[in-house]
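Peer 1: Sequence:
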Amino acid sequence: MYMLSYISKPEHEMNDFLKNVIKGVRETNVNEEDEMKNIMQAYSKHRQVNAQESVARTCSLPMKKCSRNVVFIPTDDDALKMSLPLSALHNKDPDSEDVWMSGMIDKYRARPRTLEFEMMCLADFVSNYRVVYGRQTKGKNVHQLLNGWLCHSGWIVFFALLSTTNNRSSVGSVRICTAVGITVFPFITWIYYYINTELRKHWPEHSTTALCQENKKASLHIKYKLDL
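Sequential numbering from 0 applies to the sequence shown in numbering that gives the first Met the number 0.
In case anyone wonders, no lab produced these hints; they're calculated from the structure.
Do not take every clue at face value.
[To be verified] As a list, the in silico DSS-like pairs of lysine-lysine whose alpha-carbon atoms are at most 25 Å apart: (1) K91 <-> K80; (2) K22 <-> K36; (3) K44 <-> K18; (4) K44 <-> K63; (5) K63 <-> K80; (6) K64 <-> K36; (7) K64 <-> K80; (8) K44 <-> K80.
Please take these sequences and the hints and turn them into a complete structure.
Peer 2: In structure tokens, the structure reads:
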């Protein structure tokens with residue numbers, strides 16, 4: 000009850016102040032965008048807050064915290080839609096009707112035609128999956144990495160997609176770490192093999208002899224310690 004009373008507390012002085020701001024803005028004959036900016040600036044600079052709220056906002060303390068995220072699903076027949084950016088609209092035909100961004104309902108309709116997704120309801124689809132936008136593009140100076148490293152790195156994307164859920168769990172972190180380990184392990188193995196096989200062939204004979212002598216000294220030193 001206290002929280003409800005605090006949230007809905009009346010601010011009579013703020014109401015009078017905003018009325019005066021709106022009246023003054025309309026007398027200057029500005030457009031609606033500038034009028035809204037002036038009202039927002041007046042509200043943000045003259046709002047009355049208590050000491051606790053001001054400290055929390057100054058220190059960037061979280062005002063709320065929950066263990067689950069909430070996703071709104073627009074299920075109305077005439078739901079609100081977002082239009083495409085102006086850069087995309089300029090490249091389209093003026094008579095084209097494809098001017099709206101796809102929402103969660105459209106993505107649910109375009110889900111993969113597999114048994115897992117065919118039996119999945121809209122609520123499970125929204126709660127377990129999120130949209131990944133492909134803004135990353137290859138540049139001009141792209142080189143193929145060693146031993147198919149570029150193809151093998153797809154495991155990271157695969158495990159990352161498996162762990163993309165709205166609720167942050169430890170299982171997702173384990174999958175990401177596993178994917179990174181699977182990706183890095185072949186590269187480290189190849190480096191070890193290259194150093195021990197390819198490079199040793201081209202080493203000078205005195206370097207190989209020195210390494211062998213060092214290995215013998217190390218083994219004798221360990222044997223001496225074990226005998227003690």
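Peer 1: State for each hint whether it applies.
Peer 2: Checked hints:
no.: 1; hint: K91 <-> K80; result: 18 Å, holds
no.: 2; hint: K22 <-> K36; result: 14 Å, holds
no.: 3; hint: K44 <-> K18; result: 15 Å, holds
no.: 4; hint: K44 <-> K63; result: 23 Å, holds
no.: 5; hint: K63 <-> K80; result: 29 Å, violated
no.: 6; hint: K64 <-> K36; result: 30 Å, violated
no.: 7; hint: K64 <-> K80; result: 29 Å, violated
no.: 8; hint: K44 <-> K80; result: 32 Å, violated
Violated hints, listed in ascending order, are 5, 6, 7, 8; each of the other numbered hints is respected by the structure.
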